[in-house]
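Visitor: Take a look at the letters that make up each chain.
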Amino acid sequence: MKLFITVPREVIKQPLIAQVVLETGVLINVERAHIDSTEGWILIDIPDAEGDRISARLIERGVDVKKLEKAVIHDEYECVECGACISICPQEVFSYDEDYHLVITDDRCILCGRCVPACPHQALSIRQ
Amino acid sequence: MEKSIDEINTRIRDGSAVVVTAEEMPDIVSELGEEGALREIDVVTTGTFGAMCSSGAFFNFGHADPPIRMERLWLNDVEAYAGIAAVDAYIGATQESTTEGATYGGAHVLEDLVSGRQVELRAISKGTDCYPRRTLTTDLLLDDLNQAIMVNPRNTYQCYNAVTNQSDRTLNTYMGTLLSNTGNISYSGAGLLSPLANDPTLSLIGGGVPIFLGGGSGMVIGEGTQSSPANGFATLMVSGDLKEMNSDYLRAASITGYGVTLYIGLGIPLPVLNTDIVRNTAVRDEDLVTSIVDYGVPRRDRPVLRTVTYAELKSGSVEIDGEMIRTSPISSFSMARQVAGDLKARVEEGAFTLALPTMRINNQKRNRPMRETARTPRVREIMNPAVVTITENELVKTAAKKLLKGETNHLPVIDREGRLVGIITTYDVSKSVLRDGDALTVSEIMTKKVVTISADEAVDLAAQRLEQNNISALPVVDSSRHVIGILNAVDLGKLIQRRWQP
Numbered sequence: 001m002k003l004f005i006t007v008p009r010e011v012i013k014q015p016l017i018a019q020v021v022l023e024t025g026v027l028i029n030v031e032r033a034h035i036d037s038t039e040g041w042i043l044i045d046i047p048d049a050e051g052d053r054i055s056a057r058l059i060e061r062g063v064d065v066k067k068l069e070k071a072v073i074h075d076e077y078e079c080v081e082c083g084a085c086i087s088i089c090p091q092e093v094f095s096y097d098e099d100y101h102l103v104i105t106d107d108r109c110i111l112c113g114r115c116v117p118a119c120p121h122q123a124l125s126i127r128q
Numbered sequence: 001m002e003k004s005i006d007e008i009n010t011r012i013r014d015g016s017a018v019v020v021t022a023e024e025m026p027d028i029v030s031e032l033g034e035e036g037a038l039r040e041i042d043v044v045t046t047g048t049f050g051a052m053c054s055s056g057a058f059f060n061f062g063h064a065d066p067p068i069r070m071e072r073l074w075l076n077d078v079e080a081y082a083g084i085a086a087v088d089a090y091i092g093a094t095q096e097s098t099t100e101g102a103t104y105g106g107a108h109v110l111e112d113l114v115s116g117r118q119v120e121l122r123a124i125s126k127g128t129d130c131y132p133r134r135t136l137t138t139d140l141l142l143d144d145l146n147q148a149i150m151v152n153p154r155n156t157y158q159c160y161n162a163v164t165n166q167s168d169r170t171l172n173t174y175m176g177t178l179l180s181n182t183g184n185i186s187y188s189g190a191g192l193l194s195p196l197a198n199d200p201t202l203s204l205i206g207g208g209v210p211i212f213l214g215g216g217s218g219m220v221i222g223e224g225t226q227s228s229p230a231n232g233f234a235t236l237m238v239s240g241d242l243k244e245m246n247s248d249y250l251r252a253a254s255i256t257g258y259g260v261t262l263y264i265g266l267g268i269p270l271p272v273l274n275t276d277i278v279r280n281t282a283v284r285d286e287d288l289v290t291s292i293v294d295y296g297v298p299r300r301d302r303p304v305l306r307t308v309t310y311a312e313l314k315s316g317s318v319e320i321d322g323e324m325i326r327t328s329p330i331s332s333f334s335m336a337r338q339v340a341g342d343l344k345a346r347v348e349e350g351a352f353t354l355a356l357p358t359m360r361i362n363n364q365k366r367n368r369p370m371r372e373t374a375r376t377p378r379v380r381e382i383m384n385p386a387v388v389t390i391t392e393n394e395l396v397k398t399a400a401k402k403l404l405k406g407e408t409n410h411l412p413v414i415d416r417e418g419r420l421v422g423i424i425t426t427y428d429v430s431k432s433v434l435r436d437g438d439a440l441t442v443s444e445i446m447t448k449k450v451v452t453i454s455a456d457e458a459v460d461l462a463a464q465r466l467e468q469n470n471i472s473a474l475p476v477v478d479s480s481r482h483v484i485g486i487l488n489a490v491d492l493g494k495l496i497q498r499r500w501q502p
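These protein sequences, in sequence, are chains Y and B.
Start counting the first sequence at 1; every next residue gets the next number (the UniProt record's numbering).
Start counting the second sequence at 1; every next residue gets the next number (the UniProt record's numbering).
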């Protein structure tokens with residue numbers, strides 16, 4: 001599962017992820033992150049079974065943790081299933097089923113946003 | 001055995017015609033054989049749904065009181081061509097809004113009208129004795145127009161190149177986003193369902209043939225613009241009544257970095273008259289071959305990387321140089337199926353009869369490139385061949401002297417063999433003086449990733465490259481990266497200004 005961590009100013013300089021990895025032994029995969037001097041966010045991927053434990057540890061360290069769900073907003077009316085989103089997504093979120101209908105596996109999404117401008121029908125947006 | 005079009009139409013009218021889609025046909029022919037399929041099947045329906053930029057519609061708005069001869073007009077701020085007098089106009093799908101740019105265009109006006117939404121018409125005129133009115137503004141619905149006739153000059157390509165991008169920059173093209181370094185492959189077309197792929201000799205498709213267009217009925221006018229049947233790239237000019245269409249099959253799109261286009265559903269029912277037609281309509285994706293072309297090369301004739309079948313393209317990945325590259329279409333196969341299926345139902349219901357072309361299309365024609373009488377200037381013609389360069393190990397101080405003496409802001413840096421290895425600018429030199437004095441060498445302050453151009457490229461490409469990289473000069477290099485000149489934005493600006501001055 002993916003967790004979206006918002007890091008407030010007070011703890012921005014701490015090695016949050018490294019500490020949680022050492023304490024729990026869980027391999028945390030940092031998929032995207034943005035940190036500057038005043039605030040930051042980190043998108044991590046962890047085994048589903050470890051969700052509660054990792055969330056709890058992170059929250060103890062003073063960050064806000066949200067489980068990433070339904071990251072891709074898909075406008076089914078605008079979408080014509082042209083497939084322009086399929087090959088440009090680095091996470092392979094989009095695919096066709098056997099009947100060439102678009103399937104969105106959005107638990108893979110890392111919020112990169114590349115699909116948004118790539119859709120000719122403006123049918124995709126990313127939940128912020 | 002042969003069947004006549006009249007026999008087939010009689011069966012359609014009495015509801016006994018056997019109709020299948022072009023997707024069902026190959027297996028039927030495999031099972032029944034060509035003669036068997038000819039006996040069993042009366043009609044094969046085809047369909048495609050994709051971006052068809054060369055589309056638009058003629059309108060007649062009716063006369064206002066006092067009347068106006070519209071000289072220029074806009075529908076929701078999208079200009080339509082009014083040079084056809086009085087209250088007629090043609091709106092092109094790709095024309096962009098004067099107020100909203102690439103997010104709204106002619107295609108959106110068409111979709112709005114078809115969806116029953118109101119559109120604002122604005123028109124201006126100089127005023128004449130017979131048409132005294134000078135300005136006009138009114139809101140119109142599709143029902144308010146006397147005629148709204150879609151006429152698409154170039155639709156439903158028989159086949160289209162698949163594209164990739166071997167350059168190091170992501171490209172935004174009419175084929176969608178093309179990731180850098182062969183990051184993906186984009187293709188278009190419905191493959192085995194595509195109308196012209198099922199009649200490659202144009203024996204059945206020609207002027208006067210009834211078609212499904214945008215959910216309504218229409219017909220083939222004849223050969224489309226840029227049609228090139230002799231090498232498998234035929235196109236059709238088609239027409240249909242916009243008032244019969246619906247937004248399931250007519251959708252505006254806006255492709256990032258390219259602009260507005262229209263997605264439209266087009267299907268053609270083919271009568272099964274003889275075994276040649278059976279064979280043609282039994283085509284499979286495995287039989288349909290196209291080329292993968294590198295759009296990283298900004299020229300008309302782009303390098304072909306390999307040939308590929310639609311079956312391979314649809315599989316989701318294709319090998320290029322030993323690497324599996326992901327593919328995706330920009331046209332909708334599920335919608336193409338829906339077009340062919342909807343058309344099949346209409347023929348089965350007896351609502352759609354068939355006709356042979358009243359005017360055949362010449363299937364030997366080949367498209368030609370433009371004859372250009374004024375050749376686009378090449379980089380070689382405006383570059384400065386007396387380029388001042390410097391080598392890596394010289395001092396920044398030497399660079400400063402050269403910059404001043406050469407009255408230039410850019411010094412290409414070369415190695416011992418004269419090959420380009422970097423560039424420094426007056427800005428780099430000034431910055432280095434502030435930082436570490438003038439004891440540094442050129443290699444310590446130079447930019448190593450240099451944007452270059454070759455001498456035989458068009459100056460337009462040079463202009464685009466300068467703009468994209470936000471730089472003001474381009475070293476001109478030969479194939480072994482020897483610096484043979486420098487192209488300055490100022491010289492380029494002068495040239496382009498001269499070219500476009502009336």
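Derived from the structure by calculation, the hints contain no laboratory data.
Honestly, I wouldn't trust all of these hints.
[As the list claims (entries may be wrong)] Listing some non-contacts, in silico: residues in chain B with all C-beta distances to chain Y over 10 Å: (1) 244; (2) 372; (3) 378.
[Unchecked claim] What the simulated footprint calls covered on chain Y by chain B, stretch by stretch (three residues with Cβ under 8 Å from a Cβ of chain B suffice, anywhere in the stretch; the number is not a length): (4) 39–49; (5) 115–128.
Each residue gets a CB set at the ideal place from its N, CA and C atoms; glycine is no exception.
Visitor: Each hint should be assessed against the structure and marked as holding or not.
Guide: Do the hints match the structure? See the list:
Every CB of chain Y is more than 10 Å from the CB of residue 244 (chain B) (nearest about 20 Å), matching its label as outside the interface. The claim that residue 372 (chain B) is not at the interface with chain Y holds, since no C-beta of that chain comes within 10 Å of its own (minimum 31 Å). Listed as outside the interface, residue 378 (chain B) is consistent with that label: its C-beta sits roughly 33 Å from the nearest C-beta of chain Y, beyond the 10 Å cut-off. Check on the stretch 39–49 of chain Y: 0 of its residues sit with their Cβ under 8 Å from a Cβ of chain B, so the three-residue criterion for coverage is violated.
Requiring three or more residues with a Cβ within less than 8 Å of a Cβ of chain B, the coverage given for the stretch 115–128 of chain Y holds, as 5 such residues are present.
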